[in-house]
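Each residue of the sequence shown is one higher than the last, beginning at 714 in the working numbering.
No false leads were mixed into what you were given.
Derived DEER-like restraints, expressed as beta-carbon distance ranges: (1) Gly-773 to Arg-800: 15 to 25 Å; (2) Pro-753 to Ala-722: 35 to 45 Å; (3) Gly-751 to Gly-773: 31 to 41 Å; (4) Gln-744 to Thr-789: 28 to 38 Å; (5) Arg-732 to Pro-849: 31 to 41 Å.
For the record, the hints were derived by calculation from the structure and aren't laboratory data. No residue lacks a Cβ here, since even glycine has one placed at the ideal position from N, Cα and C.
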Amino acid sequence: MDEQPTLPAPYELSVDVGRLDRDKVHGWLSQDAYWALGRPRETQDRAIDGSLNFGVYDAGSGEQVAYARVVTDGATFAWLCDVYVERGARGAGVGTALVAAVRARLHEYGVRRTLLCTEDAHALYRKSGFSQLADPERWMAAFGGTGT
Numbered sequence: 714m715d716e717q718p719t720l721p722a723p724y725e726l727s728v729d730v731g732r733l734d735r736d737k738v739h740g741w742l743s744q745d746a747y748w749a750l751g752r753p754r755e756t757q758d759r760a761i762d763g764s765l766n767f768g769v770y771d772a773g774s775g776e777q778v779a780y781a782r783v784v785t786d787g788a789t790f791a792w793l794c795d796v797y798v799e800r801g802a803r804g805a806g807v808g809t810a811l812v813a814a815v816r817a818r819l820h821e822y823g824v825r826r827t828l829l830c831t832e833d834a835h836a837l838y839r840k841s842g843f844s845q846l847a848d849p850e851r852w853m854a855a856f857g858g859t860g861t
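Given the sequences, and given the hints that come with them, work out the whole structure.
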C-alpha cells in the first residue's frame with residue numbers, strides 16, 4: 714500500500730468536502746443507486762457531514778464525476794459506502810482508482826478493517842483487495858430508524 718493510486722486522465726481526486734457537488738451527489742444516490750433510492754437530501758447532507766468523503770473531478774472542467782463516502786473512527790475500522798461513478802465516466806478505471814485511493818488513505822490512518830456491502834460490484838472491489846467475509850455468521854446488523 715505504499716504506492717499511491719493514480720486516477721486515469723483527465724481525472725483528479727479530492728477529499729475537500731467543500732468541493733463536493735452536494736446536489737449532484739444527492740441526485741446520483743437518491744435517483745440511481747439501488748441502496749439509496751429516495752434518500753432525503755437532509756439525510757444525505759448529514760451523512761456527508763459525518764463522514765470522510767472522496768470526490769473525483771474532471772481536471773479540465775472541475776465537474777464532479779464520482780463519489781465515495783467512508784464512515785470511520787480514523788484508527789481501527791471503516792465502512793465504505795455510497796460509491797458512485799457517473800455513467801459517462803464508467804469503464805475508464807475511475808471506480809477502481811477511487812476505491813484504491815480510499816484504501817490507501819485508510820492505510821495511512823492505520824485502519825485494519827474496512828467493510829462494504831454490494832449487490833453487483835464484487836469484481837470491482839476484489840481489484841482493491843476486498844473479499845467475502847471469512848466468518849459471516851459472526852456479523853450482525855440492526856435495522857431501524859428513519860434514514861435510508
